[in-house]
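S.K.: Put together the whole structure using the sequences plus the hints.
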Amino acid sequence: MPLLLLTALLLGSGATLAGTASADGTGGGSFVATGSMTQPRYFQTATPLHSGKVLVVGGLGGNAESAELYDPATGTFTASGPMTTPRDTHTATRFNDGKVLVAGGNSNGEDGELASAELYDPAAATFTATGSMSVAREFRTATTLRSGKVLVAGGDNTTGALASAEVYNPKTGTFTTTGSMADARSVHTATLLADGTVLVTGGGFGNTFLASAEVYNPRTGKFGPTGSMSTALAGQTATLLRNGRVLINGGGNLTEITASAELYVRGCGERRCPSN
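Quick note: the sequence shown uses the working numbering, first residue 1445, plus one each step.
These are computed hints drawn from the structure, not numbers from a lab. Worth double-checking, as some hints may not be accurate.
Unchecked claim - Each computed DSSO-like pair below joins lysine-lysine, with the alpha-carbon atoms no more than 27 Å apart: (1) 1593 with 1666; (2) 1593 with 1497; (3) 1615 with 1497; (4) 1615 with 1666; (5) 1593 with 1615.
Unchecked claim - Computed spacing ranges between beta-carbons, pair by pair: (6) 1477 with 1603: 39 to 45 Å; (7) 1704 with 1520: 20 to 26 Å; (8) 1640 with 1570: 31 to 37 Å.
Every residue, glycine too, gets a C-beta built ideally from N, C-alpha and C.
M.R.: Printed below as a string of C-alpha cells:
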C-alpha cells in the first residue's frame, strides 16, 4: 500500500490534519480523558454493541488476534475474544441479533490479505469462524443492507484493486458473489441510501485515484453509474444526512490532501443538483 494512499486512508478513518468544527458550526465541545485500551492498536475496528459497550478488534501494534470491550459506564476496557485469526484493515459489521461479522483484512503485512471471516457473539464473548469470501480483500467496504445481509465491495490484494463484490447472508453463514463494479477500487466509501441502494464513491490503488461513483441495487444485484465527484479521491468519508443527501469530505490523491466537501443527491441530474 503506497504511503500517500495510506495517508488518505488515515483521513478516512478519522485522523485530523487541520481544523475542527462542531455540527452546529460553533466550534463548541471538548474531549476528556478516559481509560486506555489493554494494548496499542492501529487499523483496528470499533463497533457499538446493543449493550452500549464498544467492541474493539484487532489492528497493528500488539496482538492482532486480540479484542476488548469498552464500557462507557466505567470508562474502562476489558479483554474479550480473542479472534480465530489475527487481522488488521478488516471490517466489523453488527447484525440485528447483536452478533458482529469481522471480515477480511491483513494478517502479515505485504501479501497477507485475508478471505476469512468470523462472528463475534456478545453473549458468549467469543469469536467463531464463518464462511469465507470468494477472494482475499483488505481496504474493502462492508455495508448492511435492508435485508440484513452485508454487501462487501472492492478492496485490494496481491492482484491489485478489485471490482468484484459479494454478499454475506447471516442465516446461512456464507458469501455469494454479486454484480461487479464498473471500476476496481480500494479505500473507497459505501453508504446505504434511504431507498435501500448503496452509493460507492472514489477510491484508488497505486497511482490511480477515482472521481467516479456508482450505485448498487440489491434487488437486481447490479451496480449502475451515477454522477462523479468533482475530484478524484481516496480515504474520504461519506455520511448520510437526515435529508437523504450524502456528505463527502476530506480524502486525498497524488497531489493533495483536501479540506473540500461536496454533497451527493440521489437521482439528481447535473442540471438539477442543488449547490448546498
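S.K.: Taking the CB of residue 1704 and the CB of residue 1520, does the distance hold inside 20 to 26 Å?
M.R.: This hint is violated: roughly 39 Å between Cβ atoms.
S.K.: Mind checking the alpha carbons of residue 1593 and residue 1497 for me, to see if they're no more than 27 Å apart?
M.R.: 23 Å, holds
S.K.: Does residue 1666 lie within 27 Å of residue 1615 when you go C-alpha to C-alpha?
M.R.: Answer holds: residue 1615 to residue 1666 is near 22 Å, not above 27 Å.
S.K.: In this structure, is the beta-carbon distance linking residue 1477 and residue 1603 contained in 39 to 45 Å?
M.R.: 44 Å, holds
S.K.: Within 31 to 37 Å: is that where the Cβ-Cβ distance between residue 1640 and residue 1570 falls?
M.R.: Between residue 1640 and residue 1570, where Cβ atoms are some 32 Å apart, the hint holds.
S.K.: With the threshold set at 27 Å, check whether the alpha-carbon distance from residue 1593 to residue 1615 stays at or below it.
M.R.: 9 Å, holds
S.K.: Checking one constraint from the list: CA of residue 1593 to CA of residue 1666, max 27 Å. Satisfied?
M.R.: 15 Å, holds
S.K.: Verify the proposed pairing of residue 1615 with residue 1497, using a straight-line Cα cut of 27 Å.
M.R.: Holds, at roughly 25 Å.
When the structure is compared with the earlier hints, a violation turns up for hint 7 alone.
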